[in-house]
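> So you can see what is in the structure, the chains are spelled out below.
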Amino acid sequence: MSSALPGIKSDKPGKRRFSLSWDRMLVLMLALSLIFGHALSPAFLSNDNLGNLLAGISEYALMALGLTLLVVAAEIDLSVASILGMASGLLGVLWQAGVPMPLTLLLVMLMGIAAGAFNGLLVTRLRLPSLAVTIGTMALFRGITYIMLGDQAVASFPQAYTEFAMNNWDGTFLPLTYVFLIIPLALAFILLLHHSGFGRMVYAIGANHTAVEFSGINVARSKFWLFVLSGAMSALAGIVYTLRFSSARADNGMGFELSVVAAVLFGGVSIFGGRGSVTGVLLALLIMGVLNNALTLYDVSNEILTIVTGLLLLSSVLLPNLISRWKESRRKTAAAVIT
Amino acid sequence: MTMENILSLPVKPPQPAQSQRWLGWLLRHREASLSAVLLVIVLGTSLVHPNFLSAQSIKDIILNVSIIALLTVGLTVVMLMRHIDLSIGSTLGLSAFLVGDLFSRFPHVPVAAAIAIGVLIGLLAGAVNGLLVTWGRVPSLVATLSTLYIFRGIDYAWVGGREINATVLPENFAVLGSGSFLGLPYMAMIAFGLLLLLAYYLKNFRGGREFYAIGSNHEGARLAGINVAYREFSGFLLCGAIAGLAGVLWLARFGSVNASSGNGIELQVVAAAVVGSVSIAGGSGSVLGAALGALLLAVIASALVILHVSGFWQLAIQGALILLAITGDTLLSRMLARQTVRRNNHV
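Quick mapping for you: the protein sequence lines, in order, are chains W and V. With positions in the first sequence counted from 1, the corresponding number in this note's numbering is that position plus 183. With positions in the second sequence counted from 1, the corresponding number in this note's numbering is that position plus 1083.
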């Protein structure tokens, strides 16, 4: 019953049938937006453009993977973008101090894990609501980044690393980061959430926290590891972002958190927990990326896209609700006619 | 079990333990502990730098905090019902620009009409949120995250690359943001007046108590005959109206407004409410506490400036403070609950 998020009132059984086909709806929407993009501009389907499109959503994808699991477990992490920023900052500071790159990357990942563990401890040990905790750590982590970097920017990262982050796999539209990082990680997350005992437990925790607790599973420990995972993924996103732009600044990724949350929810993950899929979230991100890219190519300014994002997000929850409402009222009328 | 339930457990007179009475008092008067922290910071800073208590510096702080405090008070009403409104920053931006645009087209619009239009824009935004949450059954976090984007998008589309600057604002409107009466800035008076009105309403009126009831126990409130949907709708309406008003004040204070004005302010406002002991789980908190939370964050910000602490430390300190406030609040109320249970078992 108890849930850490506000605005959570009840589960509507009517949503279930619809959410089974939400992934398919997303596939359809993606196909339509690809056609739309192609119709708007012939340059849309070029390797360069598709590579840019994918690179543009790569950090969001990494953060969204970790966040998906958390939201399915009925928690939330608003500090993801700040952990991205903190990872970027630490990467810059360590590299500037002459620490060799492999060690730097290792330390940055450890920092992400520590940040996630900090969130996890506050939520599970002290049993604080994750929304409040991660609003706090969002400010704290971003603040630490400002303390580390101030207003300076670190730029000169080693070429081998930045080339990895910037280039496509030869002759294809796939960025190297996708081939070696994002696609394997996405597959791993699909396996973890949809084909493992742990994943089943994550759903169960989100659907009925108390029942899982009573069946002898240590809910707190599982949730703790989900926060750690989210922290690690955000740090990885920070590394990719820093190398891709070859720039570590304290305001890197500022404000990304709400877009990531929007993508996760648009992807069909229920804010009540217990429902949603990794593929749905990735499809949602692709749709947002394609629309963004196509509209930019067509010289439609970003403002329209802001409205589109909002409408998509809203419709993903509002439409199923209205459909179930309509069915309900029809059933009532039918019942009234019979009696 | 929320705070309200814990506090309404019967207190059996014979011998409440000393520590328990103290804890209970502290929890019931969290405004007192916030004020104490505030006092310590103000006194400490002014010992090092007497300038901190100069009239000018106090006025600056009050001007800076008025808008955030106003927004925090509005959001509190929504948070009491276990809802949230993330769209307030976008509503503020929309209202600020539209009212500014109005002035640039019709320079002779009366100030009262401009304020009314700002509030009206806020009411509309609040009505959209309220309808989505009550009629559309969309969780408030999702609904207001969507409208955060949609309202901001409408703002961008309307504004394009334009910018309103102070030159188009009539003199008697700009006074709203900078003028004062008997040393008290008008803006602070508006914020403070609304704060008192709302505090009184929430404490003493049936409608006000219903906000708490819904947040403490939604189903219970419904069973007790409260028209939950109506109350939720009016809460979002109120929060939107206040955001609209805050937009007008923003325009009066800063003069220049573009499409991204107020962007990202929503999380600052949530943070201020949380520092002010408004529970994110609903049913507990007060507008006075929320306003004190906003004031505390603003005072700390200016104390850091005057103490020559690098501005880069400010955000981290703010974050630590938010975490401290949530942790302290939760642990205190849990300790009290445990003691109450133990004592009731003894009797």
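It is worth saying that the hints were derived from the structure and are not from the lab. Note that the Cβ used here is the ideal one computed from N, Cα and C, for glycine as well. Be careful, since some hints might not be right.
What the hints assert, rightly or not - If you want the footprint, here are the derived chain V segments under chain W, 3+ residues with CB under 8 Å:
1) 1175 to 1184
2) 1349 to 1356
3) 1394 to 1401
4) 1410 to 1418
> Now tell me, hint by hint, if it's right for this structure.
Structure-based check of all given hints:
no.	hint	in the structure
1	1175 to 1184	violated (count 0)
2	1349 to 1356	holds (count 3)
3	1394 to 1401	holds (count 7)
4	1410 to 1418	holds (count 3)
Consistency with the previously given hints fails for number 1 only.
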